[in-house]
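S.K.: Chains A and U: place on chain C using the hints.
Protein chains in written order, with our numbering: chain C, 1377 to 1749; chain A, -15 to 276; chain U, 5 to 327.
Please keep in mind that the hints were generated in silico from the structure rather than gathered at the bench.
Take the hints with a grain of salt, since some may be wrong.
Facing chain A, according to a computed beta carbon distance under 10 Å, are these residues of chain C, among others [as the list claims (entries may be wrong)]:
no. : residue
1   : 1476
2   : 1480
3   : 1481
4   : 1493
5   : 1500
6   : 1535
7   : 1537
8   : 1565
9   : 1569
10  : 1572
11  : 1573
12  : 1579
13  : 1723
14  : 1727
15  : 1729
16  : 1731
Here are some of the chain U residues that sit facing chain A, going by a computed Cβ distance under 10 Å [to be verified]:
no. : residue
17  : 77
18  : 92
19  : 93
20  : 126
21  : 150
22  : 153
23  : 165
24  : 174
25  : 176
26  : 180
27  : 182
28  : 320
Calculated Cβ distances over 10 Å to all of chain A for the following chain U residues [stated by the list, open to error]:
no. : residue
29  : 59
30  : 65
31  : 87
32  : 107
33  : 151
34  : 177
35  : 187
36  : 206
37  : 249
38  : 265
39  : 277
40  : 291
Given the structure is predicted, the values throughout are model-derived calculations rather than measurements.
Ideal Cβ placement from N, Cα and C applies to all residues, glycine included.
Chain by chain, the residues:
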Amino acid sequence: MKNAIFGLVAMLAVFTAGCGGEPVGRPDQTTEVETTTKTSSTSTMPAFSVASSEYPSWSTLMVAAKAGLINGSKGGKPGVLEKKWNVDVVLEVKDYDPCLAQFATGAVDAVCMTNMDSLNPALGRPCTAICPTSTSVGADKVIAVDATKPEDLKGKKVYGLAKSVSQYSYYRELEKRGLNPVEYPFENLDPAAAATALQSGSGEVKAICVWNPFALQTLRTNTQSKMICDSAEIPEEIIDMIVIGNDSLKKDGGENFAALLCDTYYEVCNRLNDTDKDRADATLTALGEDFSKLPLDDMRIIVKETRFYDTPQKGITLFTSESYKQTMETVVLTCQKIEVLEKDKPAPTIGYNDPEKQLNFSTKYMEMASEKK
Amino acid sequence: MRIKQPIKQRWKIILGVIGVFILLVIYSHLSYRQHVKNPTDTTMPNFSQLMDGIKMVTTPRENALQAAFGVVEEPSSNPIVRFWTQSWKTMIVQDAWATYSRLVKGLVWGCVLSMILGTLMGCFDGLASFLLPTLSFLSKVPGTAMLAVFFVLAGTGETMFIAMIGFGILPTLTQSIYLSARDDLHHEEIDKAYTLGASNIEVIWEVVFPQILPKILDNIRLQLGPAMVFLIAAEMLVGQVGMGYQVRMQQRLLHMNVVYDYLFILGATGLLMDKGMLSFRQWWCPWFDRDR
Amino acid sequence: MSHKVILNIENVSQWFGKNRVLHDINLKIVQGQFVALVGPSGCGKSTLLRAILGTEPPKEGIIETDGVQVIGPNRNVGIVYQKYGLYRFLTVQENVAFGPKLDKTQIYHRTCMPWHWLPLKKQQREEAKAMLEKLRLKDSHDKYPSELSGGMQQRVAIAQALVMKPKLLLLDEPFGALDESTREELQMMLLRLYQENLAAIKIGEEPPWTVIIITHELNEAFYVSDRVVGLSKNWREMPKTGGMKRGEHFGATKVWDKAAPTFRPDEPKDFSRFIPMRDELKNSVLSEVGNVELDRNAHVSFWDDLANGVGTGVAFTKGPSDE
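Next up, chain C with everything else stripped away, as it sits in the complex (with noise of 0.2 Å):
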C-alpha cells in the first residue's frame, strides 16, 4: 500500500513538471509596455506565425518580444507593434534546421533563413524575402592547426555541415583564390562536434569550417589554431533575411505582417544604435543572451563579423543593387555545384519586386515599415 501511494506521488510530480513551463517566446511584461485605455485585443487580429532561430541579426525578434514590440504569443496583449500594424504575431523559436522544415510544409508563414538555404523551399512553396538583416564578413572561419593558407589544405579533409553556408563559404574562398575547390574534400561534421573534435585534438580532425559562436571558442582555446580564410572574403554572398510565403502574404493582413516583422527588426536594431550607450549595451546584452548566451564583450566581435543591415535604406539599397543579382547567380551556380540544389532540375526562378518568381526579393516591406514611422 505504502508503494502504491508512493508510485503515484512520484508519478504526479514528474507529471507536473512537466505540464508546467512557459512556451518560448512569451515575453516578461517589462516596464516598456506602454499601458494604453484601447480596448484592442488580439482575439480579433489575424494571427501570423514566424519561426527564427538563434542568429545574432534574427535573435532580435526574441528581443522584441521580451522588450514588449510584440507579445510573440497566439493571443494575449497585444504588443506595441502588433497594435500598430493590427497583427497579431506568432514567435516560434526553434534549431535552424526545423525552421526551414515547418516552413516548405506550410505550418509556419514566415522564417528567417540565408539566401542560399531558401532556394529549395522556394522550389516547393514560392516565397517573398521581405527583409535582409545581416550579412556573413568573418562570421563563417575555415580554422586549421597545423596550417596558415589555404593552400596547405589541398588534399586535406575540412569538417563542418555539408550542403550549408560552411561548405558555401569555403568553397567560394577557393575559387575566388583561383583554387580548384574539388581538390579540397569537404567532409560533413556538425559544427559543435566539430569545434570539440579541434578543440580536443582528437587526431582525424585537423581542419574545421563553422559559424559563430563555435568559430570564436575554437580560437580562444585551442591556441595552435588559426584561421586560414573567412567570409570576410566574400561579403554580401551570405545574407541572412526574414522570408515569407507568398500564400500568407495573399491571406488578409498578411502584406502588415510582412511590414511588421521588418518594422520589428529595425526598432530593435535602432536600440542596438542607440546614442544613450547603457541603452544600446543593454539591448546588446539581451540579444546576447538569446544568442548561446554570450556575454557582452563577445557580443560586439560577432556583431562586426556578422554586418547588420540595420537601417531600410541599406536594406534596400542591397535589394536593388545590380551586384547583388551577380551575386544570386553565384549562389544558384555554387549550389548546384556542391550539390544543394539537384543538378538535373531547373533551379527556383529568382525575381527583384517581381511576385511572379518563386524567390522574390521585395523592398515593397521595408518601404512600408520606414514610411509608417
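M.R.: Okay, now just chains A and U, sitting in the frame of chain C:
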C-alpha cells in the same frame, strides 16, 4: 462476446492488411491536401515523388574527386560483376552498407563483452558488487546525450561508431545477462555439475552459459532498437555516408521523398533483424521453446 | 567379510547462528549398503545431505568418503534431486554422457585436440546409451527432458549419476513427486541394482553401488534399503557429567540405526516382514517432540547386530575369501 476469443487465421491476415492499407490511405490524403495547397510541395511526397526518390538513390553516381583527377574506371564486360560494381556506387548501397556494417561491428563488440562480464558477474558476487554501481548508473544515462563524450574520447571516425554502439548497449545488456546468470539457474543444477566432475570454468561454460543463452539472445534482440537509435543519432552529426547522415542531409534540402524511402528501409530492415534473431534463437536453442 | 567404510561421519554438528540443526552425528556406511535416511519434516535430513555432498560443510566434526575428507562437491559423490535434476538444454543421451565428458576431459582438450576428443566422445555416447538401456529408456536418446514424463526424467537422472560410478550415491526424495505405479517401478530398479552388489560380493569383487536414500515414505525406506537410519530431535541424553541434553535444544541426532530386511525384485512385496519394525520406528522417531523422548542410543544397534551376525544384506554377506 467475452475477451480472448480466438479468430480464424484468415481474418487475422485480412485485418492486418486493412490496418496497413488505412495508414496508406490517410497518408495519401494528407499528401494530396498538401499538394493542393502547394503544387510543387516536397515535404509530403506523393507516390510519384517517392518513386523518383527511389530512382535517385538507386542510380550509380560517379566519384567526383576521381573524375577531377582524370581517373577513369573501365566497366567490366561480365554483367554480374558490372551489376555488382555499379550497385556499389549507388547512394542506397553505400549508405546501407556503412550504417549496417557499423551496427554489426558495434554489436559484436558490445555483445561479446557483455556476455563475458554478465556471466562472470552472475557467478562471482564479488565481481558483481564491484561493477554494479557503475553499470546501473551508466545504463540510465541516455546514450544520445553522451554523444559528445564519445566524440572526445573516440574521435570522429569509424572507431567512434563502434565504440558508441558497443558501450551504449553494454551497461543494460550486461545487467540483464548478470541477472539471468544469477537467478535463472537452480542450485541443484550447479551442485550436480560439480558432482559430475566439472571444474569452475566448465560449470560456467557448459552449464551456466548454455542455460541462459536464449535469454541472452532475446536481450540482444531488444538492444537492436536502442543501438540503431544511437547509431542514427551519431550519423546525423558525424560522417559522410550512412543512413542517418543521408536522412539529415536530405531533410535540409527538403527532399522528403528520399527521407521517407530511407525510413521505410530502416523500418523493414529492423523488422527483418528482429525476426532473424528470433529464428536464430529457435535454431540454436531448440529446447527453449519446447520447454514452455 | 570386509567392511570397507565408504562414508565416515564422525561427531558432526551443524548450526546456523542460534539455530542448532544437527548434533553429534556418527555414522559409518559400509560399501555396497543401501541406507534409508528417515525422520520428521524439518529435522535436518537435507542439511546432513548437504554436509555429505560438501556444499555446506559441518561446523563441527569430520566427514570422509573413502578416507578422504570432503571439502566440496566432487565426482566421488553423486546426487539425484527431487526436481531440476536434468539439464534442459541437453538431450537425454547428452545428459547421461555429460558426466564422463566433464570428468575425463577439459575444455582445452575438447577444443584444441579434436582428433583425441571426437572418438572419446563417441565412446562416451555409447556408454550412455548402454546405461539408458539398462534403466529401460531405450527409445528416448534424442528427446529433451521437457518431453519426458516425471518418472522417466528421474530414471535419466539416476542413469546420469550411475554412469559416473561414484563411490557414494545420494538420492534426495527422488520419487516424492511421482505417482504410485511409477514409484514402484523405480523402487524395483533400485532392488535390481542391489542384486548387482550381492552378486559382486559373491565372486569376491567390490560391490559397485553404495546408496543413501532420503525418503518420507516408511514403507519405501524398509523395502528398498538394507539399513534404516532415523534422525530426530526426539531424544534426551544424560551424560555422566550431568546436565541433561535434549534434542529440542541441541538439534537432531541419530536415534535409530538398524538393518532392514532385503527383498529381491522378483519376490512378492511382503511388508509383514518389516511392519513391526516400521511401527516401532514410527512411534518413536517420528512422533511429536515431547511426546515420547527416546534415549539416544536406545535403537542404535547396527554394528552390534552386525557383530552378532543378526541381519541380512551386503554387510552380512560372505564373499569367497570369507569361507
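S.K.: Hints numbered earlier in the text: which of these fail when held up against the supplied structure?
M.R.: Failing hints, ascending: 13, 14, 15, 16, 20, 22, 26, 27, 28, 29, 31, 32, 33.
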